[in-house]
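Engineer: Listed below are the residues making up each chain.
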Amino acid sequence: MSPATVLPGRARGAGPSAPVARPGRRERRPLWLMLPGLALLGLVVVLPFGLAVWMGFLDLDQYTLRDWLGAPFIGLANFTEALTTSTMPHSLWLSVTFALLTTAVAAPIGLVAALTVNGRVPARGLVRSLYLVPYVIPQFATGSLWQMLLQPDGAVNKVLRAFGLEGSNEWLIGPPAFWALVAVDVWASWAFIYLMALAGLQTISTELYEAADLDGVTWRQKVRYVVLPQLRGPLSLGLILSTLQHFNNFTLPFVLFGSPAPEAVNVLPVNIYQTSFQVFRFGLGSAMSVLALIILAIPAWIYLRSVRLDAKPQEAGA
Amino acid sequence: MSRRGVSGRGVSRRGVSRRDAQAVLPARLNGVLIALILAFAMVPILFMVLMSVTPDSDIAGGTVWPSHLALDNYVRMWDTVALGSGLANSVLVAAVSAVVATVFAVGAAYCLTRFTFVGRRPYLAVLVFLQSVPQVLLLLPLFMVFSSAATYLGLPLVGTRLALIVAYLTFALPLATWVMVTYFRKVPESLEEAGLLDGLSRFGTLWRIVVPLSWPGMVVALVFSFLVGWNDVVIASVLSHPDTRTAAVDLQVFGHSIEGGAIPQYGQLMGASVLCSIPVVALYLGFQRYLVSGLTAGSDKG
Numbered sequence: 002m003s004p005a006t007v008l009p010g011r012a013r014g015a016g017p018s019a020p021v022a023r024p025g026r027r028e029r030r031p032l033w034l035m036l037p038g039l040a041l042l043g044l045v046v047v048l049p050f051g052l053a054v055w056m057g058f059l060d061l062d063q064y065t066l067r068d069w070l071g072a073p074f075i076g077l078a079n080f081t082e083a084l085t086t087s088t089m090p091h092s093l094w095l096s097v098t099f100a101l102l103t104t105a106v107a108a109p110i111g112l113v114a115a116l117t118v119n120g121r122v123p124a125r126g127l128v129r130s131l132y133l134v135p136y137v138i139p140q141f142a143t144g145s146l147w148q149m150l151l152q153p154d155g156a157v158n159k160v161l162r163a164f165g166l167e168g169s170n171e172w173l174i175g176p177p178a179f180w181a182l183v184a185v186d187v188w189a190s191w192a193f194i195y196l197m198a199l200a201g202l203q204t205i206s207t208e209l210y211e212a213a214d215l216d217g218v219t220w221r222q223k224v225r226y227v228v229l230p231q232l233r234g235p236l237s238l239g240l241i242l243s244t245l246q247h248f249n250n251f252t253l254p255f256v257l258f259g260s261p262a263p264e265a266v267n268v269l270p271v272n273i274y275q276t277s278f279q280v281f282r283f284g285l286g287s288a289m290s291v292l293a294l295i296i297l298a299i300p301a302w303i304y305l306r307s308v309r310l311d312a313k314p315q316e317a318g319a
Numbered sequence: 026m027s028r029r030g031v032s033g034r035g036v037s038r039r040g041v042s043r044r045d046a047q048a049v050l051p052a053r054l055n056g057v058l059i060a061l062i063l064a065f066a067m068v069p070i071l072f073m074v075l076m077s078v079t080p081d082s083d084i085a086g087g088t089v090w091p092s093h094l095a096l097d098n099y100v101r102m103w104d105t106v107a108l109g110s111g112l113a114n115s116v117l118v119a120a121v122s123a124v125v126a127t128v129f130a131v132g133a134a135y136c137l138t139r140f141t142f143v144g145r146r147p148y149l150a151v152l153v154f155l156q157s158v159p160q161v162l163l164l165l166p167l168f169m170v171f172s173s174a175a176t177y178l179g180l181p182l183v184g185t186r187l188a189l190i191v192a193y194l195t196f197a198l199p200l201a202t203w204v205m206v207t208y209f210r211k212v213p214e215s216l217e218e219a220g221l222l223d224g225l226s227r228f229g230t231l232w233r234i235v236v237p238l239s240w241p242g243m244v245v246a247l248v249f250s251f252l253v254g255w256n257d258v259v260i261a262s263v264l265s266h267p268d269t270r271t272a273a274v275d276l277q278v279f280g281h282s283i284e285g286g287a288i289p290q291y292g293q294l295m296g297a298s299v300l301c302s303i304p305v306v307a308l309y310l311g312f313q314r315y316l317v318s319g320l321t322a323g324s325d326k327g
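Quick mapping for you: the protein sequence lines, in order, are chains A and B. First residue of the first sequence? That's 2 in my numbering, and the numbers climb one at a time after it. First residue of the second sequence? That's 26 in my numbering, and the numbers climb one at a time after it.
Chain B with its partners taken away, still in its complex shape (with noise of 0.2 Å):
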């Protein structure tokens, strides 16, 4: 009842011509519904971009509207906050963990899904497991890792890129995993018993048959463990040095410094902000079919 076919929703749902069955509320009920909900998520995101174009000194004077177009805020920024090393960390440190963890996942989903073996539950059930314990709990104990590195190896790890991308691992590849491991079930396995019987080998099938099925749910574990590294504040706060940190640890430093100042340059922070909001808005608005399948990916049910 619950696993209908995509298929099958789309005939019915193109026979019904009179009227709108899945509409459940009136119509005007709906519409005003709709401008509430909308009003309650956009304002804040209006205002937010509204406040980086205005002066810092109107904010402070407490305006609602700028005096004039404060666009300098954006220039300002790059001086005021180290955004522009900030910026480049994310992109590397994210990038390098999304790659990673996505080719890493796509060959360990595969044996997830076409094989059976001894420890392919638990292991299954870890990977979802991991995705429900806060990230701070782990954090303790890898920070004791690489300061153990540093002890007894010699190898300073704290504040480089490496411990980031490590560590951002630890929470990419669980998760891309899973998101390949359901991606993967929904490939046929028929497909790759015809190329089985041509006579190739089961690394053959995955690389020419079933990977270049798979791009949707590759992209879709990208650019989650993108995310993951993009978002984060808690790592990056303990594992970076100041020319080593990311733009969300730059950002909360310089919420935090602002506070106190005659004149806090909140229009400077409100920039730094959208533009650190707009590449993931970006990517979910490009990505959107299939990112949005993903995010409730952990709860594919049979």
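Next comes chain A alone, as it looks inside the complex (with noise of 0.2 Å):
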């Protein structure tokens, strides 16, 4: 017999509250097997974070790179640096305004569409996948496509001059190009949020609808008194990660601008990449990095308390 044979009626009879027989405290729990991943994050991120912190008290540049061991210690100067004179408040400044609209924007898209095919509706299969590909192709090829199409003669224009609109030379350029990456980004992303909107809704059971329709709603006061309460949890945790991950984007502006970027768009994580790597400024860029990180520490905690970190299948029941 095969172990998938005994799944359904094992799992159902163990049910989430019945007590699980311990093993033995004499088994030998194979902890070895944490050694290679654990060993692995130490490499790649314990000890790189260290060195962030460590290297943001230097003053160290292409020229004191290859010895920066003995790079001259500068105490808190890259920081007082990043806070004061550097483009780093104008860029976070940026990055907020921009991960919030885009989310805000995003957010009532993603939940239409998956209003739209929770029912059933024909091709169902088919819609939902095809309003999945601006979300999973590549975003250095959405970012080529749009740098193609916010062209100064390019479709943009083009679709906004017939409908008698200006449009706009400088969408990729000035600054006008702060409003092309969220509408960028909103076309590539929503669909995010209609992934926990949807999955939201599936566990949504019928009979509250049916409960609904037998006493005569409308369907607006259906969205407002059934969907929207019961949509809560997944949809505020979609709102945090969506923001997160806005402000966490690289690749669109760098790809969609080039670096150095436009003023309007000199977002963060480009801003940190444009210091480090193109001016060589490696002190000031990891103080940013870890003043960025401090930041972030404030809605990446929130997540974590909004995840279910640690709970056993057995556990979850008390």
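Fair warning: there could be bad hints in the mix.
Heads up, incomplete: computed chain B residues facing chain A, CB under 7 Å, no partners named [claimed, not checked]:
hint, residue
1, 48
2, 50
3, 57
4, 82
5, 159
6, 162
7, 163
8, 169
9, 191
10, 195
These are computed hints drawn from the structure, not numbers from a lab. Quick caveat: nothing in here was measured; it's all calculated off a predicted structure. Ideal placement from N, C-alpha and C gives every residue a C-beta, glycine not left out.
Since each chain sits alone in its own frame, please combine them into the complex, following the hints.
Structural biologist: Shown next, in the form of structure tokens:
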């Protein structure tokens, strides 16, 4: 008998709250299985994190790089520069507004999209797949595509002018670049909210809708009083994650606008990249990275709290 | 309430015969909205495909419909960009890091879901936290580690494929581990107890019982870790040399080199973009059922 055939009966019999006989204490736990991952994480995450902090205190550039352990120690100078005279505050402000704005625009699209395919509609599987395409194609391809569309005589301006609007010759270089970035990122990422909302919709029981139908509510009331309250959990989590993803997005602005980026779209990840690898101010770049991490820790902490971090299947029932 | 089982949902849905209770929006509005959203999502994609078979002179002239099918865009692009070596590098680097990440993840996730030990919760927290950290923040210190290996150990790593693989593991390993953690939680331990009673070791139950039951989770872990490398631009643009470059960087460099030209080769750029997107879209369509659950794995809530 294969293990798979045992699964359903056993699984249901155990149930979430059924006491599970713990194997004896004497058994040997193969904790060595953790070691490869642990060692690798230490090498590629913990060590670099430590380095990043240390480098933030050094006057490190391309000249001192080769022997960077001997680079002059300058205390908090990099950090104060990052927070005062550098372009970081501007970039931070840009990134925050960009992340919040993009999420705010993408959320209703994703929510409506989820509502349209939760019921039975023709070719539902195909529609669901097509909804995902802009989200799953690589962002460097998205960037290349929109870089072409946003050229001064590109398709975006053609469409806008067909509707009597003025368009812009500066989508990729001037102040309108910010709006171009918002629009493209919304196009590329609304499906994430859609997925979260759809997953949430599928946990709403049919009885709830049927009860609403019996009460003779309109579809607006159904959305307002049945769907939205039930979606609060998955949607708020989706909004946090989506904001983080937009804040962290490097690929799209980098491919769309190149580096150095126009001032209007010099978002924090691009700025850190440029400071580090094109201006070669490694110390300043490190300081910026550390500061960005501290700022990111706030939404990340909210995210961590909303994720079920630690529950064995049996403990979850308690 | 929110932890309603899959089977329960299926039964209740089948029970509805006359009306579709799950359809909230009025049918006509629903149809209009689907059409609008599909247009919003797919018109740019179709345009990308169309422009990939449009002669460059047409695009420069501002056409929306090609004068003739320029399928040779798909032939010439291999010479214009180093696409062959780029794709080979992308596949190699992404695949190796995906396999390593998944193998390590299975072992780690098994321990994290089956045993309690000191540091388990912090480890889980780090896994989740790392997924909200932008790659560029770790890139600079990683670059320092690699260039120090050259300076102090005589190991030139920057520019090698090994450096890329290790760098991708920074993000692929936590991701794959978290995917496997959420998956292993759903595999009932009662199955393993049967194995333990029959005299299997813990490793034996993992290898003979848990792993064969978990291949959907491992597919998700593999695909997502693969995409970390395949979709990356920032790491490869710093840690690779021209001959170890991935397709993503090739495309980004190509895109910016053609902007100033007299007749920009957008047809070829779109051709290359379509080509790089096809494997990803195919993976998603092929494994949609599993991958979609994995996309929201980070949000696995109790």
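Engineer: Taking the hints in turn, state whether each one holds.
Structural biologist: A quick look at each hint next to the structure:
1. 48: holds (3 Å)
2. 50: Holds, because the Cβ-Cβ distance from residue 50 of chain B to chain A comes to roughly 6 Å (cut-off 7 Å).
3. 57: For residue 57 of chain B, the interface hint is violated, since the closest Cβ of chain A sits about 9 Å away, which is over 7 Å.
4. 82: Since the shortest Cβ distance to chain A is 14 Å, the answer is violated.
5. 159: At 4 Å from the nearest chain A Cβ, residue 159 of chain B passes the 7 Å test, so the hint holds.
6. 162: Residue 162 of chain B check passes; min Cβ-Cβ to chain A is 4 Å, inside 7 Å.
7. 163: With a minimum Cβ separation of about 6 Å from chain A (threshold 7 Å), the hint on residue 163 of chain B holds.
8. 169: Hint holds; residue 169 of chain B Cβ to chain A Cβ min 6 Å, cut 7 Å.
9. 191: OK, holds: residue 191 of chain B within 7 Å of chain A, min 6 Å.
10. 195: OK, holds: residue 195 of chain B within 7 Å of chain A, min 4 Å.
Checked against the numbered hints given earlier, this structure breaks hints 3 and 4; the rest are met.
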